[in-house]
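**Q** Chain by chain, the residues run as shown.
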Amino acid sequence: EDQVTQSPEALRLQEGESSSLNCSYTVSGLRGLFWYRQDPGKGPEFLFTLYSAGEEKEKERLKATLTKKESFLHITAPKPEDSATYLCAVRDAGGTSYGKLTFGQGTILTVHP
Amino acid sequence: EAQVTQNPRYLITVTGKKLTVTCSQNMNHEYMSWYRQDPGLGLRQIYYSMNVEVTDKGDVPEGYKVSRKEKRNFPLILESPSPNQTSLYFCASSLGATSNQPQHFGDGTRLSIL
Chain R
1 EDQVTQSPEA LRLQEGESSS LNCSYTVSGL RGLFWYRQDP GKGPEFLFTL YSAGEEKEKE
61 RLKATLTKKE SFLHITAPKP EDSATYLCAV RDAGGTSYGK LTFGQGTILT VHP
Chain G
1 EAQVTQNPRY LITVTGKKLT VTCSQNMNHE YMSWYRQDPG LGLRQIYYSM NVEVTDKGDV
61 PEGYKVSRKE KRNFPLILES PSPNQTSLYF CASSLGATSN QPQHFGDGTR LSIL
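Just so you know, the protein sequences line up as chains R and G, in that order.
Residue 6 in this note's numbering sits at position 6 of the first sequence, with consecutive numbering throughout.
Residue 14 in this note's numbering sits at position 14 of the second sequence, with consecutive numbering throughout.
Take these hints with a grain of salt, some might be off.
[As the list claims (entries may be wrong)] Below are the DSS-like pairs computed for lysine-lysine, each with C-alpha atoms no more than 30 angstroms apart in a straight line: (1) R:K42 / R:K57; (2) R:K57 / R:K79; (3) R:K57 / R:K69; (4) R:K69 / G:K71; (5) R:K79 / R:K42; (6) G:K69 / G:K17; (7) G:K57 / R:K42; (8) G:K18 / R:K69; (9) G:K18 / R:K59; (10) G:K57 / R:K63; (11) R:K59 / G:K65; (12) G:K18 / G:K65; (13) G:K17 / R:K68; (14) R:K69 / G:K17.
Because the hints were derived from the structure by calculation, they are not lab data.
Take these sequences, add in the hints, and give me the full structure.
**A** As structure tokens, this is what we get:
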């Protein structure tokens, strides 16, 4: 069974204070790892897809990296508008439920001015 | 604008009264899926559809039905809702199930079953 664990559950940062969010996963074969951002009252918004160990993707202050067991979302010099819940999800290459995303429980990020 | 639209956004109803949550996407996506989001449990898949007339169970299908008669629509049906189905529901779609195109989500439907 696919499993995704995110840590920490909540993270409070001062504006400009860089940090990282962790996503550990267990799958029989990784088809893709996805990062989403979710604002209150909204659906998850796609950020990145990572396919293989060693891959990195960047978008503004966010950088996602991938190893064989985990992914990190690095936030550099965050701003208050980066406050949101960040979700990690994996898609298994095998199994019978094609397309299914298995989500972690998310990290609630709060950035104070 | 490319989007996934769910209706209603909020609904309070009573046990046993059949309800339908509609989901429509305008991106010509083949794959559609329903999730529920509960505190401490994250997002869990209820049902998914690979294409028109093709649907299958996700992790938590009990008490739900779906249909896919048209490519753009994927309604979620609760024939006899119970309080344990009180939750936040999301519909999502993507280009295909076997591609690595990301899933796009609607803004959610908050259901309260009394």
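**Q** Would you check the hint for K69 (chain R) and K71 (chain G), treating anything up to 30 angstroms between C-alpha atoms as holding?
**A** Distance ~36 angstroms between K69 (chain R) and K71 (chain G) Cα, so the pair is violated.
**Q** For the pair supplied as a hint, K79 (chain R) and K42 (chain R), confirm whether the alpha-carbon distance does not exceed 30 angstroms.
**A** holds, 20 angstroms
**Q** Does K65 (chain G) sit within 30 angstroms of K59 (chain R), going by the straight-line distance between their CA atoms?
**A** This hinted pair is violated, its Cα atoms lying about 38 angstroms apart.
**Q** Is K42 (chain R) close enough to K57 (chain R), meaning Cα to Cα at most 30 angstroms?
**A** The hint holds at about 24 angstroms.
**Q** With a cut-off of 30 angstroms on the C-alpha distance, tell me whether K57 (chain G) and K63 (chain R) pass.
**A** violated, 34 angstroms
**Q** Checking one constraint from the list: CA of K69 (chain G) to CA of K17 (chain G), max 30 angstroms. Satisfied?
**A** holds, 23 angstroms
**Q** Decide if the proposed pair is consistent with the structure: K57 (chain R) and K69 (chain R), CA atoms, cutoff 30 angstroms inclusive.
**A** holds, 17 angstroms
**Q** Does the structure keep K18 (chain G) and K59 (chain R) at a Cα separation of 30 angstroms or less?
**A** Violated - the C-alpha atoms of K59 (chain R) and K18 (chain G) are around 44 angstroms apart, more than 30 angstroms.
**Q** Next pair to validate is K17 (chain G) with K68 (chain R); report whether the Cα-Cα distance is within 30 angstroms.
**A** Measuring from Cα to Cα gives roughly 47 angstroms; hence the hint is violated.
**Q** Given the hint that K57 (chain G) pairs with K42 (chain R), test it: the Cα-Cα distance must not exceed 30 angstroms.
**A** Cα-Cα ~25 angstroms, so holds.
**Q** Sort out whether K69 (chain R) lies within 30 angstroms of K18 (chain G), counting only the CA atoms.
**A** violated, 43 angstroms
**Q** K69 (chain R) and K17 (chain G) were given as a pair; does the straight-line alpha-carbon distance stay at or below 30 angstroms?
**A** Violated - the C-alpha atoms of K17 (chain G) and K69 (chain R) are around 45 angstroms apart, more than 30 angstroms.
Taken one by one, the earlier hints fail for this structure at numbers 4, 8, 9, 10, 11, 13 and 14, listed in ascending order.
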